[in-house]
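Sequences listed follow chains A and B, in order. Under our numbering, think of the first position of the first sequence as 19, with each following residue one higher. Under our numbering, think of the first position of the second sequence as 19, with each following residue one higher.
Derived from the structure by calculation, the hints contain no laboratory data. Just so you know, nobody snuck in bad clues.
Identical copies carry no separate label here, and so any pair may be met within one copy or between two of them.
In silico lysine-lysine, DSSO-like type, Cα no more than 30 Å apart, as pairs: (1) 135 x 246; (2) 179 x 335; (3) 55 x 128; (4) 117 x 453.
Listed below are the residues making up each chain.
Number of protein chains: 2
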Amino acid sequence: MEFKAYNIPIRTGHKYVAVFTPKDALRLDLQPGDRIKLKNPKLKKVYPLTALVDISDDDSVKDGHLGLFSETFKTLMLKKNNKVDVSNLEKPETVEFIKAKLNGDRLDAKQIDAIIKDVVEDDLTDVELTYLVAGSHIHGLSDEETANLTKAIVKNGQTIKFTKGTIVDKHCIGGVPGNRTTMLIVPIIASTGLKMPKTSSRSITSPSGTADTMEILANVTVTADKLKKIAETEGGFVSWGGGVDIAAADDHIIRVRHPLSLDPEGMMLASIMAKKYAVGSKHVLIDIPVGPDVKVSEKMQAEHLKDRFETIGKLLKMEVKVIFTDGTQPIGQGVGPSLEAIDVFKVLNNAADAPQDLKEKALVMSGYLLEMGKKAKPKQGYKMAKEILESGKALAKFNRIVKAQGKSKYELREGKYHFNLLATSSGTVKSINNKLISKIARIAGAPIDKYAGLKVLKKIGDKVKKDEPLLTVYADSKARLSGVKENLVFPYKIS
Amino acid sequence: MEFKAYNIPIRTGHKYVAVFTPKDALRLDLQPGDRIKLKNPKLKKVYPLTALVDISDDDSVKDGHLGLFSETFKTLMLKKNNKVDVSNLEKPETVEFIKAKLNGDRLDAKQIDAIIKDVVEDDLTDVELTYLVAGSHIHGLSDEETANLTKAIVKNGQTIKFTKGTIVDKHCIGGVPGNRTTMLIVPIIASTGLKMPKTSSRSITSPSGTADTMEILANVTVTADKLKKIAETEGGFVSWGGGVDIAAADDHIIRVRHPLSLDPEGMMLASIMAKKYAVGSKHVLIDIPVGPDVKVSEKMQAEHLKDRFETIGKLLKMEVKVIFTDGTQPIGQGVGPSLEAIDVFKVLNNAADAPQDLKEKALVMSGYLLEMGKKAKPKQGYKMAKEILESGKALAKFNRIVKAQGKSKYELREGKYHFNLLATSSGTVKSINNKLISKIARIAGAPIDKYAGLKVLKKIGDKVKKDEPLLTVYADSKARLSGVKENLVFPYKIS
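Okay, chain A solo, but in the shape it has when bound (with noise of 0.2 Å):
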């Protein structure tokens, strides 16, 4: 049926919504909150959006004239008065599979698969999507449906390929705040000839993701077709995950998620897999740093992460090497976008006073991948990492890689405010609270705030005198520092 549009200027964030007349409503006997498709006839290559049917209560509105709200009307590409073609949606028959998962059984790849397509084309509601997580969440996904999903995460969202070359790729299980290696790894490993197009997600719930501190230093929004160019010539790139629609499938998931912070283990694994596997990468190290406050906090829980990232890994044909590292404090000193990027900066250049813990992550986690890539022979990839690094290549690297990606518009500097946090009694650091330190970086304002955050002063098994300062505070906004100060739990303990 056609209708002749008109845009309603409001954004609604995700989804799409037409505006029909209540008789037009009868007429095709739509209630408020059904679902239906629109299509631009003009376009023919453009599959049908599903829209959510709101009812106008506007007299002036003619019958045959459809509301579009401003994403929809875009999307779409119309004009005032240009035809839109409105059908009813049936259900889809993926809610059968949905139910069957929330029930307890398993679904095979084409399930999976017809599922994932109906997330990726709006075809599922919230209610419907978030059934999906839970049956996910109570019952668990299996090795072979993990695998699964990966793949259909994969086949329907953009994929990078590149022909020639060996690619690989790193994960850090997040949670350990300042933890940036992934901007030293890259410059490394794309130095010796391999290929590590890396996709970096901002941070959610943290004080910084590594596509927020690598905006610091260059434009993280990158086309695919630019950052496979970026890749062929410079081997390598840092940037936003969001940027290019690599599982795509994931943003709609984490919508339903959200609410209650659920991360069913299966659909972390496949999300984690699905951006190696979208780039061809046959080589990945994973890191998952274990420590009381960070994501993974017992040896037994890491070891159960290693086997199912290990046997995922066999199915979908990668090489996957799993390594425990120390998650019971801060890496490097800064926390927040700008501050970890000064301390990568420090890093790249050797400086006299670059964080050394930060440095030497970076070189053991380089060195594996260089071996695993066959740059390097068995145990000399610590070496080759270092030699890179402290000879100036990685810097000179980094800098072609920044140039490529395009110029960052912000500064490299600390926040304009400051104040520190003073010990509390002389002694010894018996720990820190990767939490609390997250906490204090969030209240002053990082990740919005790209100058907010802290400096990690003093570490586990450092000797502190009363009244000397443990960290530095950082913020643009002062009230945002009194913000901390009045929050503030103090996350050290001394003795």
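Go by the hints and put chain B onto chain A.
Just chain B now, with coordinates in the frame of chain A:
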């Protein structure tokens, strides 16, 4: 924070929506899809509405002005440029309870009450509610949880309190077409001084609900105040439950159960018992039809439900009697609102062609209720019910109830067009598929076309000759009748 309100003439069905300018949204750190609280500062007694955030693309709207969709604007009783208070909404505490339920924990009375309060006040999103349904579906609700859910639904909805009299009620676990005993039982019971304030549902997936059929004869959208008066004067009524806010929480939850057709047992039990508890019923008769094509197809399942009803009844201090009835074929002749009302009318009038199975079932059930309510001695209930019905007392009572509820706007007639479904062979009727019978009536247009549906002419055990009519299908639309012919699956087995 105060805004100036203006109306955006769009209806969404069930969601409240507030549209901010981009600058205002930035200032309040709001994203599309976030939730806020809205309050009309002039209305002191009304609790705040929870609304979803959209963002305007309309440059002509000034900052400080807040667009509200029709339902939101009206519910807050605002006029253009009235002040409206906006406050940020923290995630409700009950989200943690929902997560616990999803993870298999049992919830206590306080937690359940808090959840239902948030449900009714619209403080939980559809996604959060969906997790509640998923958790209840997979892990089940214990008897204690179900009794507590019943109490919570009643506490957070409308109740009708009677100071005098014994209140009885009945409920049928559905699936049997034409099963309109309620409209006979209520006038029989109400003739004896017992009270039977009956709220019934409209059809969701069947050809007619009791409320749809009653609507042929009387108005069924009656306020709680008026219903109370009718029950005080006449002893009973048959009204639509959705017309009053008894079990208001149900309507919210059903929205997210619908997409996967989930009906978690504990939620179903609580929903049934809440409607009895809310009007103070002390004696409840539950009818469980058992047959291959109704909700309960196995005797074991019926026994299980019987146990649960009785246990939950005890926890709620109600006498609950459960009977198993024949669910193998339709009851009465008519299927569809008006066609069923014709059957009821014939039984009340003691017409010669009144369907005896409908009459018999209504008398048996009335008999039990009269005994439970101590109006009849043990085993004397059936006889008493029969006397009331056959003497015309029930008809007189029914007419008074109809008068009190108000006149119907419908006629009591069959659909304008009809056709007969003929026997394909001679023999004896072995079975009738209830689901296919319902489907035929639905395709004919029931319950939206009040006069559509069918009359069952032959029942199990009847001898038929080839080409003899088995049933007559009615509709007010010729096109609908053609639709039935095209899609018909033969519901009879004859041999």
